[in-house]
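All chains should be built: construct the whole structure from the sequences, respecting the hints.
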Amino acid sequence: MFQSFVRRLAPQPIVSMVRRLQSAYRARARRRMPALSEARLRDLLAGKLQVARGDIVFVHSSLDGMQLDFPWFKVLAILREAVGPRGTLVFPTYPRGLSYEFLSQGNVFDVHSTPSFTGALSELARRVPGAVRSLHPTKSVCAIGPAAEELCATHHQSPYPYDATSPYFKLLRMGGKAIGLGVSTARMSFVHAVDDYFKGSFPVRVYHPRVFQASCIDASGRNLLVETYAHDMNQMRHDVPRFCKRHLPRFVCEDLKIAGARFFRADVGATLQAMVELVPRGITIYPRSVYARKGTSTCVSD
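Residues in the sequence shown are numbered from 0 upward in steps of one, following numbering that gives the first Met the number 0.
Worth double-checking, as some hints may not be accurate.
What the hints assert, rightly or not - Using C-beta positions, here's what the derived DEER-type ranges look like:
| no. | residue 1 | residue 2 | range |
| --- | --- | --- | --- |
| 1 | A163 | Q212 | 28 to 36 Å |
| 2 | L224 | I77 | 35 to 43 Å |
| 3 | V210 | A38 | 14 to 22 Å |
| 4 | D68 | A291 | 43 to 51 Å |
Said to hold, decoys possible - No farther apart than 25 Å at their CA atoms in a straight line, the calculated lysine-lysine pairs in the DSS-like style are these:
| no. | residue 1 | residue 2 |
| --- | --- | --- |
| 5 | K47 | K256 |
| 6 | K47 | K244 |
| 7 | K73 | K244 |
| 8 | K73 | K47 |
| 9 | K244 | K256 |
Simulated from the structure, these hints should not be mistaken for laboratory data. Note that the Cβ used here is the ideal one computed from N, Cα and C, for glycine as well.
See the structure below:
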């Protein structure tokens, strides 16, 4: 939220200064961490992160959040080795900037050429031969493995980016897991599938009311218009790590700090099921301050 505020209101020199300070802080913190070897990463995946061969795993990552003692691009190979040939890896591949800005500016999303700005690992993954990328202008994912086509095929069919047609919701039905490498559950994007499950009855008005018609180019080179909502960042004041710690059992979802670096693991199905059951009690990842007032519509209409 602080970064969004700075981008919207501060002059460009201030934005650049804040980014330099953040980068310097992360670099100093990373230098203080114990080095993470290839062998240690393999052990973490199989052990505390509970990744097994044949799994479908949604990977959130920040290479800046780890002190690797090996070339960073080897992380993808280690992940592929961990899930094996029958497993599937999934990565968020969002374009640059906030969704509302990207859509308002009329940018064209191309599944083959639009870069991912959700980390170097996600950009590397989308370039892997055989990788499949979902057709969504702002919340696309790429997937590598036998379940990739099924996960990504219908993302564009609902204006709600995390709806039942999305890869995020499909992870629930397919027994998916999620992990964070160098990041906490604050980056766990599939939690928004709960918002879209409830749509108009969700307690928070999470989207701008406008339905955008975004120009997209699919894997066959066809130009298509994809309808989608964009998140209202004034409402995105959630604290996912705090929510998980207070309301979810550790065996379902857990933040971890190992050798100074942040990691997380989550059972997607169990996490979403628990979150859905909490909504009728008024418990969500959002603070009460952004809940819709009684007698008003809580979200965009279906």
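Right, here's what the structure says about each hint:
no. : hint                    : in the structure
1   : A163 / Q212: 28 to 36 Å : 21 Å, violated
2   : L224 / I77: 35 to 43 Å  : 39 Å, holds
3   : V210 / A38: 14 to 22 Å  : 49 Å, violated
4   : D68 / A291: 43 to 51 Å  : 49 Å, holds
5   : K47 / K256              : 11 Å, holds
6   : K47 / K244              : 17 Å, holds
7   : K73 / K244              : 32 Å, violated
8   : K73 / K47               : 20 Å, holds
9   : K244 / K256             : 14 Å, holds
Hints 1, 3, 7, counting from the list given before, are not met by this structure.
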